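*Asks:* First to last, the sequence lines map onto chains A and B.
Residue 232 in my numbering sits at position 232 of the first sequence; the count goes up by one each step and never skips.
Position in the second sequence (first residue = 1) + 281 = my numbering.
Certain hints may be false.
Unchecked claim - Straight-line distance between alpha carbons at most 20 Å, and here's what the computed SDA-like set of lysine to any residue pairs gives:
#1 B/K369 x B/A425
#2 A/K252 x B/T325
#3 B/K354 x A/K252
#4 B/K369 x B/R432
#5 A/K252 x B/I290
#6 B/K354 x A/R54
#7 B/K317 x B/M282
Everything labelled a hint here was simulated from the structure, so no lab data went into it.
As the structure is a prediction and not an experimental result, all values here were calculated from the model.
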Amino acid sequence: MPFTLEQPTTVEEALRRLADPTGGPAVAIAGGTDLLLDLDEGRVSAGRVVSLRRLPWNRLQWQGDSLVVGSTLPFARLGADPAVRARLPGLVDAVDAVGSLALRHRATLGGNLGRAAPASDVVPILLALGATVRLVGIGGHRDVPVGRFVRSSRQTDLAPGELIESISIPSAPVSAYVWQRVRPANDVSQVGVAVARSDSPSGWHVALGGVLPAPTRVVEAEALLARRRPNDAEVELAAQAAAQRATFVTDKRATESYRRRLVSTLVRRAVARALRTEVGG
Amino acid sequence: MTGPLTLAINGAHPRTVDVPDDERLLDTLRWRLGMKGTKEGCRTGDCGACTVLVDGETTLSCLTLSREVDGSKVTTIEGIADDPEGRKVQAAFEAEEALQCGYCTPGFIVALTGVRRELGPEASTAALVDGLQGNLCRCTGYLAILRAVERVREAPR
Ligand SMILES: Cc1cc2nc3c(=O)[nH]c(=O)nc-3n(C[C@H](O)[C@H](O)[C@H](O)COP(=O)(O)OP(=O)(O)OC[C@H]3O[C@@H](n4cnc5c(N)ncnc54)[C@H](O)[C@@H]3O)c2cc1C
Ligand code: FES
Ligand code: FES
């Protein structure tokens with residue numbers, strides 16, 4: 001179905017255009033790497049597409065210890081930022097995992113959250129880091145934790161006409177994301193594991209991707225990782241707990257039992273990777 | 282709806298054409314402007330055959346709306362030899378015979394040129410190869426392409 005493209009330059013105008021009923025249903029586009037395929041293949045139909053690329057959301061800033069990522073900042077710019085690399089290595093692992101470099105020049109964090117794919121490589125690390133999504137609508141702003149924003153496969157907390165403005169992410173120098181795929185690039189991860197250690201309150205967060213109905217934290221595994229530097233036996237128990245806890249599926253990319261085994265391996269790798277920057281202990 | 286699109290392609294003066302709102306940059310280049318060097322392999326972002334540089338960045342032209350890049354500079358395979366880095370990459374592909382059918386080659390050459398420009402001359406082989414992960418080749422088995430990457434890295438500045 002052909003569509004018209006609108007390219008507003010202010011947030012007010014974008015919200016107004018999305019809410020405007022004349023001319024049929026409208027949908028927002030950021031990088032377009034999900035949406036254009038959804039439109040081509042008829043999963044989404046809209047006569048009007050409203051581009052967010054000219055809005056002033058294409059940037060990042062630090063607010064105290066938290067990184068605030070504008071929703072339309074392309075992944076390539078986020079992953080190349082030296083401060084982000086130092087203070088949020090797990091986020092960089094996840095960003096670098098998305099698609100290919102050319103794709104990352106356009107694809108955005110806001111679009112990844114908007115799509116809410118169960119196999120997203122980015123949602124697990126946002127869960128583990130305790131990120132918050134800032135939404136804006138005609139009525140104003142609201143802040144929603146990522147775990148509540150992503151509700152289910154392709155279901156988000158976005159109300160009609162609402163947009164993701166930014167994502168706030170507390171820094172965590174001890175964090176990592178690891179994944180397994182058939183092909184390294186442009187393939188969907190069979191599973192992904194994100195871990196992050198926070199100091200306040202102190203403790204580990206563990207989140208899984210490639211599970212149904214949506215990426216999820218596994219508190220049972222987190223409890224078993226209690227110490228700042230868990231020993232091998234503790235990591236092993238946590239890995240097993242993560243594998244037992246989640247709901248995996250069999251599809252063309254992997255069987256349910258393979259995914260379960262992968263998760264425990266990836267939990268061990270993720271914890272080791274997160275601790276790699278800390279010498280001794 | 283259609284609207285004006287102004288692009289400066291391969292160093293030429295900006296040129297304006299009227300394009301439909303939902304047209305992809307790939308189709309503007311190939312069918313509206315007759316520049317068939319940029320290839321369509323999948324149209325789903327998977328193969329990299331359609332890679333062009335938009336304001337210097339490697340871009341999948343099959344997943345890019347033309348009107349969203351209005352006002353940009355675009356480099357395609359047709360213009361890559363005007364860029365000293367592009368010429369070097371092209372020569373390395375030739376010297377290593379890093380192609381068979383050649384369908385993927387424009388995408389590889391444009392992508393490697395863009396990645397070298399983005400990461401700088403010191404970029405490691407691993408970093409360059411990472412930048413090519415989204416380019417598929419069904420013929421060569423990649424070994425000759427990897428040799429071409431090495432050759433570009435070792436070429437005199
Ligand atoms: C070849 C290929 C490989 C891929 N590989 C991966 C991968 O490895 N890992 C992975 O996680 N994903 C992958 N993806 C999926 C996709 O690239 C990502 O989900 C990307 O982050 C989407 O961002 P975008 O800006 O392109 O979104 P768009 O396509 O522009 O938008 C996606 C959805 O979000 C909505 N949206 C966008 N921005 C906002 C906003 N600010 N507020 C509200 N709603 C918004 C849109 O309306 C749409 O519904 C891949 C896609 C392709 C085509
Ligand atoms: S045609 Fe664009 S990536 Fe294959
Ligand atoms: S040479 Fe034929 S696809 Fe690469």
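*Asks:* A separate judgement is required for each hint: does it hold in the structure or not?
*Replies:* Evaluated hints:
1. B/K369 x B/A425: holds (16 Å)
2. A/K252 x B/T325: holds (19 Å)
3. B/K354 x A/K252: violated (41 Å)
4. B/K369 x B/R432: holds (9 Å)
5. A/K252 x B/I290: Distance ~42 Å between A/K252 and B/I290 Cα, so the pair is violated.
6. B/K354 x A/R54: Judged against 20 Å, a Cα distance of about 17 Å means the pair holds.
7. B/K317 x B/M282: violated (25 Å)
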